[in-house]
Structure formats: structure tokens, C-alpha cells
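Number of protein chains: 2
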Amino acid sequence: MTGTPEKPDGRQKAEGPPAAGGTPPAPRRRGRPSRTAAGSGPGARERILTAARAEFAEHGYDGASIRGMAKNAGVDPALVHHYFGPKEKIFAAAVETAFAPALSVADLVIDAGPEGAGERMARFVLGVWEDPVTREPLLAILRSAVANETAAGVFRDLVSSRLMIRLAAELDGPDARLRSELAASHLVGVAMLRHVIKLEPLASADVEQVVAMVGPAVQRYLTGA
Amino acid sequence: MTGTPEKPDGRQKAEGPPAAGGTPPAPRRRGRPSRTAAGSGPGARERILTAARAEFAEHGYDGASIRGMAKNAGVDPALVHHYFGPKEKIFAAAVETAFAPALSVADLVIDAGPEGAGERMARFVLGVWEDPVTREPLLAILRSAVANETAAGVFRDLVSSRLMIRLAAELDGPDARLRSELAASHLVGVAMLRHVIKLEPLASADVEQVVAMVGPAVQRYLTGA
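Here the protein sequences line up with chains A and B, keeping their order. Residues 1 to 225, numbered by the UniProt record's numbering, are exactly what the first sequence covers, in order. Residues 1 to 225, numbered by the UniProt record's numbering, are exactly what the second sequence covers, in order.
The shape of chain A in the complex, shown without the other chains (with noise of 0.2 Å):
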């Protein structure tokens, strides 16, 4: 392969990953490999993660490998390890963007006041499962952490961190992060029967129908009420 007409010696060593002397040419730039290197630049660490999301997706935890990433984002597979590491840390920065539309939650649900909290958290979350924009991400993690053991602990070290902790920071009373998380179970188990499992009538009833029925249930454990 090496030495063909339209890969010159020089392009070729522009074209593969930083080496082991390859520093980026600016360090403060942290993980930024060169811009020369074909494939990266400005919009190569999201087409990864796209192709890598999608690779969960199809392949699981267990069958996910980093070769079928970097093909399907066009990069080399040691691009792929130079901005993420191994398959672990790359799951885990797949799971921070599904997870990026759902981290306002604690925000957007407590500072609006503690009233009809429950509400505004089931109908967020919920909706983030409704649109299959988000869902499919979500989708797709789920099904590496139910059957990877790694994969679980790292989907539970992101949600304890990034929503959890936060959440529970905004309730008052005792247990508020076990409070957290049972109101987030009953949002995963919702959305485990109406958008996986998809039994009915839950899957096909109106959203703000289950919103209204779920929310109360979600507002007890927000704030006791």
C-alpha cells in the first residue's frame, strides 16, 4: 500500500496518526492531533463519535470494535485511539453526548420552583425518548450497559456524576439521592416498556397522557409531596 503514485512518502506520514514523537504541533491544544492529519481537523472527533455510537448500535459493547469506527468515520483506527483511548473511553464519551440533551434536567426541572417539578421531568425526559433524534443514542447505550458489565459502569459512573449528584444538590429532605435515582428508574422503566419493550397501551398513549399519570409519582420522590 505504501509507495502508491497518490500516496507519496510525505503525504502518507501526514496522513497517518500522531506517532509516538508525534506531538501535536500545539501542545496547548490538549488530544488535538495535527490538522494536517486527513480525517481529523475541526469535525473528526464527532464524525468518530457518530460512527462509534452507531458501531454500539449495531455491533454492542462486546462486538463494537475500533477498526468499524474509523472506517465508517474515514479516519485512521489510531486517530480513533488518539482522541479517545481504548473502547471504554470512547463509550464513555459516547454515552456523555446521548446523555448531553439530558443533563440540563436538574436546571431545567428545580429552578422553575419545586411545583409541577415531577411534571416538567417526566415530560423532559420523556421527550427526550419521544424524538427519535435523541432516542436512538439513548437506545443504543442502554443496550451496551444491559449486557456489558464495563459498559454498565461506565453509563453509571456518567449518570452518577453528571445527573444524579446534580439532581439530588437540588432537593431538600433526607435520601436525596436515592430519592434521584427512584425517580429516575421510574422514567427508564417508562421508557423500557413504551419504547423497547413497547407494550400497550403504554407505546402508543399520548404522551402528555402518561406525563400527567407519571409526574405526581415523580414529584413525591423530588419533594415529598
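Just so you know, not all the hints are guaranteed correct.
The list cannot tell twin chains apart, which means a pair is met if one copy fits it or any two copies do.
[Unchecked claim] Lysine to any residue pairs mimicking SDA-like chemistry, simulated, CA-CA at most 25 Å apart:
1) 198 <-> 124
2) 89 <-> 104
3) 198 <-> 165
4) 198 <-> 104
Source of the hints: derived by calculation from the structure; they are not laboratory data.
Starting from the known structure of chain A, fit chain B onto it as the hints suggest.
Okay, now just chain B, sitting in the frame of chain A:
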């Protein structure tokens, strides 16, 4: 392999599954193969089911093979097919066995009267998840159902017909099916976060504390109280 000294032709034949023309000797016992088939007999069905559950647990629905189940059960693959039919039906039988402990939930919860029904249902369902002997089959099935649409459909049909319809029939008021499913969704979600994702402090919380906190939410769905 055929014609080895240990396996004369006669025994070879008896070991095989009932062939097209090999109708069971007692046709009134539907679906039962000849008792003379090696590996069959009273315990064969249960042995195959146990092996099938282990196969689904280890390889998921897509990766599970009838050959693998047969090998672990010590029977001919065709005997597996004879008892259960295609993989989908084997999965259905495995789901049914795994859910056997839960099938009494409707009677158990409601027969003692509406008061405290939510707490009793939470204690019963979470108790099934608490014991590794009853948890592992459920986990295997959940993993398959989350990963595969066919498995999700089998799971859905059984949960609907065996659990939800029966529970809803015991409830007064409107939307009984939807309320049954929302009650179940909460307990499914608690089991997911406690036993699969292992989110702390929920994973280590005393089960009776969880029952006491979740019970009122379930009660609201069951009786509106």
C-alpha cells in the same frame, strides 16, 4: 461417526429425535417424543429449558444457537426443535419459565385487599430480583429483549397476556391497563438501576427501605390512593 463400536445402528436410531414418521407412541400426550429417545424422558424438557436460558444469557438472542442448547442439555438438536419449535418459541418458553414466580403477583397483591397493595407488589417484584436464582433468568431475558426486536415481541406478548391483563382485571377505575403498566414500569426501572446499572446508593440500599419508598407510588397506580 456412525458405526463406531459403541453405537450400533439400533441405538443410533433410538438416540435421534423423532423423525417425520416417528409419531410419539401416545399421541394424546401432545408434543412429547418417545420415551425411548436418549436424552428425552421426564427431565429432558426442563434440561433443555435450563440450557436454553444459559445460552440466551451468554450469547444473547441473536448469538444463541439451538446446537449450543442441545449440547449443554445433552440431547440431539432435533429434540430441542421437537419440544419447542424454532428459536422464537424456545425463547417464549424460557420467558414463561423465568416469569413463573411472577405470575401469581396479581392474586397475591390484590387478594389481600387494596390497602398496602402497592407495597406488597413492590416487595414481591423486587424480591424476585433480589434472589440470584430468580434474578438471573429475568436478566437473561431482559438482555435479549433489549437487544433484539423478535425477543422483545415475545416478551411483550407474554407480559401482556400473563401479567398485565390479569393485574388490570383486578383494578377499579379507568385506564386499568395503562395504570398496571405504569406500576410495572416503575419496578422494572428500579430493578434496572439497582441490579443492572448498579447505581449507588440504590444498589446497596436495604430492600425494605426501597419497598417503603416505592410502595406508595405503585399504590397510586393500583388504587388511585
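Which numbered hints does this structure break?
none
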